[in-house]
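Can you join these two chains into the complex? Each is in its own frame, and there are hints to help.
Note that the protein sequences, when read in sequence, are chains A and B.
With the working numbering, the residue at position 33 of the first sequence is 107, and numbering never jumps.
With the working numbering, the residue at position 522 of the second sequence is 536, and numbering never jumps.
Simulated from the structure, these hints should not be mistaken for laboratory data.
Please read all numbers here as calculations on a predicted model, not as lab measurements.
Think of the CB as a built atom: it goes at the ideal place given N, C-alpha and C, for glycine as much as any other residue.
A hint or two may mislead.
[Unchecked claim] Restraint ranges, calculated between C-beta atoms of paired labels, are given here:
(1) B/596 x A/93: 52 to 62 Å
(2) B/608 x A/154: 35 to 45 Å
(3) A/176 x B/639: 50 to 60 Å
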Amino acid sequence: MNKLPIESGLILAGILFILGLISVMVRRNIIFMLISVEIMLNASGLAFIVAGSRWAQADGQVMFIFILTMAAAEVSVGLALILQIYHQLKTLDSDAADKMNG
Amino acid sequence: MLNALWLIPALPFLGAFVLILFGSRLSWKVAAMIGAGSVGLSALITVLVGIDFLSTGQTSFQYLAWRWFQVGDLDTSFSFYLDKLSLVFIFVITFVGFLIHIYSIEFMEEDPGFSRFFAYLNLFVCSMLILVLAENLLLLYLGWEGVGLCSYLLIGFWYTEEKNGYAARKAFIITRVGDTALAIGLFILFTTFHTLSIQDILSQAPQSWTVGTSMAVMVAFLLLGGAVGKSAQLPLQTWLPDAMAGPSPVSALIHAATMVTAGVYLITRMHVIYELAPLAQLWVGIIGSVTLLLAGFSALTQFDLKRVLAYSTISQIGYMFLAMGLGAWSSAIFHFMIHAFFKALLFLAAGAIIMALHHEHDMFRMGGLKKKLPVIYWTFLIGAASLAALPFVTAGFYSKDQILWLAWAGEKANVGFFLAALVGAFVTAIYTFRMVFITFFGEEKTHVSHVPGWRINTPLIILAILSVIGGFIELPHTLGHFALFTDYLSPLLPSVSLREGVEQSEWTIQIVAGLLSLGGVYIAYYVFVQNIPLSEEIKSSAYGVHQYWFYGWGFDSLYNTLLVRPFVYFSRLNKNDFIDKFYTMLVSIAEFFNSVFAKTQSGLLRWYLMGIVVGAILIITISLFIQS
Numbered sequence: 075m076n077k078l079p080i081e082s083g084l085i086l087a088g089i090l091f092i093l094g095l096i097s098v099m100v101r102r103n104i105i106f107m108l109i110s111v112e113i114m115l116n117a118s119g120l121a122f123i124v125a126g127s128r129w130a131q132a133d134g135q136v137m138f139i140f141i142l143t144m145a146a147a148e149v150s151v152g153l154a155l156i157l158q159i160y161h162q163l164k165t166l167d168s169d170a171a172d173k174m175n176g
Numbered sequence: 015m016l017n018a019l020w021l022i023p024a025l026p027f028l029g030a031f032v033l034i035l036f037g038s039r040l041s042w043k044v045a046a047m048i049g050a051g052s053v054g055l056s057a058l059i060t061v062l063v064g065i066d067f068l069s070t071g072q073t074s075f076q077y078l079a080w081r082w083f084q085v086g087d088l089d090t091s092f093s094f095y096l097d098k099l100s101l102v103f104i105f106v107i108t109f110v111g112f113l114i115h116i117y118s119i120e121f122m123e124e125d126p127g128f129s130r131f132f133a134y135l136n137l138f139v140c141s142m143l144i145l146v147l148a149e150n151l152l153l154l155y156l157g158w159e160g161v162g163l164c165s166y167l168l169i170g171f172w173y174t175e176e177k178n179g180y181a182a183r184k185a186f187i188i189t190r191v192g193d194t195a196l197a198i199g200l201f202i203l204f205t206t207f208h209t210l211s212i213q214d215i216l217s218q219a220p221q222s223w224t225v226g227t228s229m230a231v232m233v234a235f236l237l238l239g240g241a242v243g244k245s246a247q248l249p250l251q252t253w254l255p256d257a258m259a260g261p262s263p264v265s266a267l268i269h270a271a272t273m274v275t276a277g278v279y280l281i282t283r284m285h286v287i288y289e290l291a292p293l294a295q296l297w298v299g300i301i302g303s304v305t306l307l308l309a310g311f312s313a314l315t316q317f318d319l320k321r322v323l324a325y326s327t328i329s330q331i332g333y334m335f336l337a338m339g340l341g342a343w344s345s346a347i348f349h350f351m352i353h354a355f356f357k358a359l360l361f362l363a364a365g366a367i368i369m370a371l372h373h374e375h376d377m378f379r380m381g382g383l384k385k386k387l388p389v390i391y392w393t394f395l396i397g398a399a400s401l402a403a404l405p406f407v408t409a410g411f412y413s414k415d416q417i418l419w420l421a422w423a424g425e426k427a428n429v430g431f432f433l434a435a436l437v438g439a440f441v442t443a444i445y446t447f448r449m450v451f452i453t454f455f456g457e458e459k460t461h462v463s464h465v466p467g468w469r470i471n472t473p474l475i476i477l478a479i480l481s482v483i484g485g486f487i488e489l490p491h492t493l494g495h496f497a498l499f500t501d502y503l504s505p506l507l508p509s510v511s512l513r514e515g516v517e518q519s520e521w522t523i524q525i526v527a528g529l530l531s532l533g534g535v536y537i538a539y540y541v542f543v544q545n546i547p548l549s550e551e552i553k554s555s556a557y558g559v560h561q562y563w564f565y566g567w568g569f570d571s572l573y574n575t576l577l578v579r580p581f582v583y584f585s586r587l588n589k590n591d592f593i594d595k596f597y598t599m600l601v602s603i604a605e606f607f608n609s610v611f612a613k614t615q616s617g618l619l620r621w622y623l624m625g626i627v628v629g630a631i632l633i634i635t636i637s638l639f640i641q642s
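Chain B with its partners taken away, still in its complex shape (with noise of 0.2 Å):
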């Protein structure tokens, strides 16, 4: 069964092939099957894959499907492969994209582009597990690429409305900036090791490379770049809010389930390039903390409801930079998964709210909403309970709080990243069920013009489901330490080594950790459900502040002001080309010439005449001279 590994990203491939060249022609059931069912496909082979794989206990698989090319030194092929950290992307793609491709049946049932939908949607699932797969960096790089043209098609999806378009274009441009990065990156590490297999890299570079070599810092730092502009990490990270202009379902897959975790993907896969340049895990750690407060910040003060999640996905994949900056690697993934649950879910459910009140976006201008969608009521506060963290029962707790012992006890912690993330925690908590208490308690503002059907239900019951029980495989030691997640990445992802004597404050940092999450939820019941008017006064008291944090810290302003502004300056004083000038102006002396001469064509018979005449006389005369 794992010869099939091949068609796990194959199907969704031929489904958005047969879609793209057929789509028009086919009906909406047909398209909607094709779409759904490649999906529903590559996630029973990765179920089956899978099994196969852990029952033999193997630590790798590898299948090359056909070699790409060879020049000079750099022999590459489309060769997969698998092991316990690409199983978990693998399982997390296919398993939600197939949930969200279901989802997405009813969401864009009157929608035209609808095959083109599902084309572009699998299109972009092909890419995803193409990255994850890849056995050498060129194919991940193939993956990365594809999944940024994805993201583009799919962003700017109702092309017809200008914004949307703008919105893509901005997500395209600066997540390009962070893949030339990676080029740069990819080139280094090419002439460095003569070889982009990344288990080549991997074995080779401890030999290569001592603690601190400069050419590790400068790899690693570049592969940060472009692991920061895929996963909307500092300073690239203003195109994620805006991305919000595409269809829900493309939001909860791509900008919350995978393409933004491509980033958290190629700095675990290549942690031991990261092991190796201490500085720039560090500046993971600090990049992830950073962007984690900053996002926070900002969504309390949005009032769209897709902006609050695009912010909160931002801050929760800094707690994944800040895993990886802590140098816990199998905790950044598990967050990851954990993650891509409740996040797709929620945008699942926002998705939902936002189709039923007839495309209304403002949360203000929702409320009541509880009794009349009690199945998104349900599954959405499940979502947002495993955000915020809640103890115990959600998943969210287990992952987050993995996380948050690690910065405190963790080798490489220290004061500044427990800080950030702990004030982090208690934002998520009050900005989360800020968006809850404000879309379903208080008074119906819009009336429900939609009730979604079961399409819509099924997945956000299964993903809420999964935000509750899918903690339960990794307890920490006071509750009876069952680590079957990191235990299965072991070998693969070295542990966290703790500090000395800090075993003991681990059920300390717990119950801070639960009471942070439960306060924030008292919180934002307490300001935006009893005292509403309290909230209207600390907005207005502190509105210079509020406005700052609206505009993503004035991250926007700021790059309009440095790189746009400046650029349109000069294209609009180079609007007549001057580099092109000169090829003009040899066009324009030929011209010039050939209307002088165009001139002697004058048609009159006399003119002509007297050309034969005067070319007579001349001819004579140089001939009477020759023989003279």
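Bound conformation, chain A alone (with noise of 0.2 Å):
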């Protein structure tokens, strides 16, 4: 099979990182914000999986379970965060949140 080299595995991986945190600077809904948090998660993972098969070890697909189940932990949470905060300004824009200012 044609061997990629390993680089372009891990360009891409830092393009869909970037891609994510751009998206989260920029967005101002938070459920798209969690969503562009769950790109750079699974860019993350892709990493790791890349850096896995380069060196044929079975670490790199541990790895992406654990971020993949870390990442449903923190989904669940971020939801309940995210309905208190829709059922206290009763809007889900980031920026009404800015009681703790000055």
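As structure tokens, then:
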């Protein structure tokens, strides 16, 4: 099989990560921020997989399962918090939660 | 019994202490008993101590209460020094003080601040006793400041009225100027003699300083500055007429009998220094004579009963200063004692009149009180006669006559002093009896609403008796030369030697003095009883002079322009306190940066996120560059 150079995989993971980061910074809707964070997590997971296949070890795959588990837990907690924010502020605009300023 | 000397100032202090702490909870009767009783006990102990002291015939007695502090060369203690001079003073202070306390029980009966009044009065008596019993100058200064404080508290006793507070502050600030001069004098004395013990200074001074040394003159002038402030002489006399805003017992005790004589005590006590500084002694006499004339003429124009008496006090203390300027120390003390009796009497009687006429102070709205208030009339008349020095029957004659005689015949006498004293005696008689005739004779213009009781009448009667018989202990040469008082004080205070060949003229001087006082009474009678339109005519034709004398020879407006207005101007200029600006500027810079940085805490999630990202980029870039 044609071996793709490992750099392409890492570059792909990096580009996905940065896309996710920009998306988190730019978006105002909290749910979209959460989705973007998911993208960042998956990008880092891709980087692990690529590294694991380069050295032909199962550690990469194991890390990815950890990351998936963590992401699931995080999303459930995050969604619960978002529900609370929506209950208080009646909007999903993150700029509305700016009381701790000054 | 001499060991009980410390009780004399301690008992009033205890009274003041108890009244300050518990006064509001004590009943009227208990507060009165504590207040008057403490001074009464002091008076009793004074008598016993005095008998003991005089019978043993010692010249002095010293009692060390405790050591105050010791710093470097200065080792001061609370020690009390009793000698014949201080014995005279404590006798007058406690005895007259006790009578005034009894009087105050009835005078301040209705006042809600009754116990506060007695607390302050007791504190005052304690401070004054400390002043005269002090063995060292630092303790004297403590008493000096204490009486100044109590004077402030008592003048402004009815503090809800603004003008009373103003008068109290004026008194305090003006005497403070004098106190500063006194303090500087004390500093110089300490640096020269390394001790502040009075007797040590007095014994070392003639050895260290020859007559006329500039150091001695400077110290004498500084002490004179302090005395002038407390005793309301030129140029610091403006506070005393305004101090009449206080209750009449206060005016009687503080501003007639005791505090204002603190200056006389100081100069007499330090007489050795004045003998070493003839220039300063001359100025003591000059200040005394000018002040007595100034105040006498001012008293002629006043219509407020208490203000006449205030100017009269200034004038009589001028006589005491004049006597000290002549070197007649015992005459000054004798006049002090007699003056304390009749002036306290006059102030107490004036207070009783004002109270009886429901707080009417204007003499021209009084009148016809001869029949309505007989006890007050007769006692006031006796006091006024003593003040005007009516010949032979009043104590004032003997004390003032001695000063008059020595102003002519003493070795330091000069024409100026003698003429001033003579004119002053004449003017005194006129204004005193002007006061008597306007207040008691004529038609009744204000009705008597309250006749005083025994607590007011008894002190008046006792003081009136003393104003008559007090003089008989010191008769001049021509009348038998019974010089009990001078002999009593003589080893302590040197007597005055006379000029050459003047003994013959003593009769002449006495006759002249007697005629002047009687003449003054007659003129007052003529102008203010028989020919009242004449007084109006004189006033309107000399209106300019009248107003000038009425306002105290313009001193108040002079000080206002010279001192008060520039001070107020500068304090307004400095309203924003430019010196403080430096420190507030530090604060405003810190606040500025705080506000700038506070803006970075916007509360927005996306802002913080961007902060994290930018920081991460920076760190990665820097670490990449460091690596390469």
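Evaluation of the provided hints:
1. B/596 x A/93: 52 to 62 Å: Since the Cβ atoms of residue 596 of chain B and residue 93 of chain A sit about 56 Å apart, the hinted range of 52 to 62 Å holds.
2. B/608 x A/154: 35 to 45 Å: Holds: the Cβ-Cβ distance is about 37 Å, inside 35 to 45 Å.
3. A/176 x B/639: 50 to 60 Å: For residue 639 of chain B against residue 176 of chain A, whose Cβ atoms are near 36 Å apart, the range 50 to 60 Å is violated.
In summary, the one numbered hint that this structure violates is 3.
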